[in-house]
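Top line first, the protein sequences correspond to chains A and B.
Residues in the first sequence are numbered from 1 upward in steps of one, following our numbering.
Residues in the second sequence are numbered from 1 upward in steps of one, following our numbering.
Hints in this document: simulated from the structure, not taken from any laboratory.
There may be inaccurate statements among the hints.
Cβ-to-Cβ under 7 Å is the rule here; a few derived chain A residues that face chain B [unchecked claim]:
1) Ser-30
2) Gly-202
3) Val-207
4) Met-209
5) Glu-210
6) Gly-281
7) Gly-282
Heads up, incomplete: computed chain B residues facing chain A, CB under 7 Å, no partners named [as the list claims (entries may be wrong)]:
8) Ala-15
9) Phe-56
10) Gly-109
11) Ile-220
For every residue, glycine included, the Cβ atom is placed at its ideal position computed from N, Cα and C.
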Amino acid sequence: MSAPQTAPKGAVPCPECGSELGRSLLACPSCGRLVHAERLRSLASEAEDAAARGNGPAALAAWRTALELLPAGSRQHETVSAKVLALSRQVDGAAQSNVPAAPPPGSAWARWLAPLGAAGLIVWKLKFVVVFVLTKAKLLLLGLTKAPTLVSALASFGVYWTVWGWKFALGLVASMYVHEMGHVFALSRYGIRATAPMFVPGLGAFVRMEQYPAEPREDARVGLAGPMWGLYAAAAAWMVAFATGWGAWAAVARSAALLNLFNLIPLGPLDGGRGFRSLSGGQRWAAAGALAAAWWVTHEGLLILLFVAAAARAAMGGHGHPAGDRGALARYLWLVAALGALTTVPVATPR
Amino acid sequence: MSEGTSPGALQFDKAEFGTERRGPAECGQCRNPLVSAYYQINGQPVCERCKLQAQFDQSSGSGAGRFVAAAVFGGIAALAGSAIWYAVRATTGYEVGIIAIAVGLMVGGAVRAGSKRRGGPLYQVLAVVLTYVGICAQYVPDIVKAIRDQAPPGVAASASPAADAGATPVSAPGSPAGEASAGAPAVSAGGLLVALGLLLALALAAPFLGGFQNIIGVLIIGFALWQAWKTNRRVPLEIEGPFRVGSPPPAPAS
Chain A
1 MSAPQTAPKG AVPCPECGSE LGRSLLACPS CGRLVHAERL RSLASEAEDA
51 AARGNGPAAL AAWRTALELL PAGSRQHETV SAKVLALSRQ VDGAAQSNVP
101 AAPPPGSAWA RWLAPLGAAG LIVWKLKFVV VFVLTKAKLL LLGLTKAPTL
151 VSALASFGVY WTVWGWKFAL GLVASMYVHE MGHVFALSRY GIRATAPMFV
201 PGLGAFVRME QYPAEPREDA RVGLAGPMWG LYAAAAAWMV AFATGWGAWA
251 AVARSAALLN LFNLIPLGPL DGGRGFRSLS GGQRWAAAGA LAAAWWVTHE
301 GLLILLFVAA AARAAMGGHG HPAGDRGALA RYLWLVAALG ALTTVPVATP
351 R
Chain B
1 MSEGTSPGAL QFDKAEFGTE RRGPAECGQC RNPLVSAYYQ INGQPVCERC
51 KLQAQFDQSS GSGAGRFVAA AVFGGIAALA GSAIWYAVRA TTGYEVGIIA
101 IAVGLMVGGA VRAGSKRRGG PLYQVLAVVL TYVGICAQYV PDIVKAIRDQ
151 APPGVAASAS PAADAGATPV SAPGSPAGEA SAGAPAVSAG GLLVALGLLL
201 ALALAAPFLG GFQNIIGVLI IGFALWQAWK TNRRVPLEIE GPFRVGSPPP
251 APAS
């Protein structure tokens, strides 16, 4: 069988040397002229304007688009890649400074919570959940304006409703939505183009990236953002259940915790797999140890699966990422501890 | 953006490469520089040698051999996927639906590898059938257990699922008939086959036995089958070219 061979109808002559340029080429194979020179100049100008305005995500988005139009291995590709990495780290630093990780020393909160130790930290984090929901409400509402998200979410809601009743179905779909919007938020911070969240009835939901993260650190941040937001959704459901005594909310809290915990399995394209990409070998073993400890405390069977996967990844992954990533490790450990705790929420049969 | 030509300035006129790269465009397969002419295979630029290799790969080999290889690879992947799913269920107590998708991807990928990446309806059907069998096979231990739990005490003592399924016990040569019926009953080969067939049929029907309550399980299996189907789509080899590299030949003098 021979493949059809067509004449190069779509070939464009290089304005400089006359070579025939196929549609997939980024540079002329003879003289090296960049095929998308005009667009590249415009993107570079856009990126520099955005950077001058202090809009890191917009600058990142423009530079990432430029990268797609540059041949890999060229000096221009390397230079733009370096700009992306530098901007991404700036964005990461800004994000860190915006997160109230712990009560400031000497504050009224700290004075009250200091004697309570770990319990105090959890209460502080719950306060953070409330602040988080209020500040991110706009993004959460805007996400629902995308037709594919809304329609697929309604389809999922219908499927879950037929099996578990509307209250639990609504809470489950809402918690999945918050999880996905965590990814959307992180992706937009890093200027990575992605689709709107799509629900798959019976399976969950996903956001498809249209550009690759520049390095494992970025991938880990984007990957772990989903479970982090999902944790806040589960915690919010738990708070409502605690305050009102409604069983369906407790079921939602526990299910959301299990769903997010499942996503922390450090394999393949799952969120945990991406979180592990930036960890060093030692950090991967530390995460595996934390999973074993969490299982020992909670006796949650899912944690065995996570532990086995984490230990396998640590054993087979050699030294892991050379630089390691303390930020990703801290996020992973916090998620394991908090989600593990939420899986112990006592639940009556929903409906 | 300043487009100066000073050393180190970022310019977007011409691609610049270090000494390790031999040209501004390279073959997408062998990474050699594209000189004098090149082709595009499904949008990827390739040199003439790689284009000839792709055409040869497309037309070489035996169809039956590829099908057998695809069936063997896919069968092994289905068994492995089934074992993983059962192990996860037995360990954690959860039926993790996404593993069905992984089974679909594993089987689909294995069939594609066995078929030398041919794809097409034959391999798509093979991948779907093997994926479904792989997914349902994880129910076999549960069905055997359920049959044994419900069988009368004398029959339940038998280790063979064939005996559980009602095969007529026959005496082993040289042994008293009473021993065979009181202890471990012997089973004919035909009876064993019938019982295994029934067991397989029950496992294959298992996803639908839950009725409407298992709608989520059926949807998940549907997605897994779709993954296996999609992975084995035939991608036609579309070759464009040759594209000329360098300046056009001078016009003949009049």
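Hints, verified against the model:
1. Ser-30: holds, 5 Å
2. Gly-202: Holds: closest Cβ of chain B sits about 4 Å from Gly-202/A, inside 7 Å.
3. Val-207: violated, 16 Å
4. Met-209: Violated. Min distance 18 Å.
5. Glu-210: violated, 17 Å
6. Gly-281: The hint is violated - Gly-281/A has no Cβ within 7 Å of chain B, the shortest such distance being about 25 Å.
7. Gly-282: violated, 26 Å
8. Ala-15: holds, 4 Å
9. Phe-56: violated, 10 Å
10. Gly-109: violated, 13 Å
11. Ile-220: The hint holds - Ile-220/B has a Cβ within 7 Å of chain A, the shortest such distance being about 5 Å.
Hint check: violations occur at hints 3, 4, 5, 6, 7, 9, 10; the rest are consistent with the structure.
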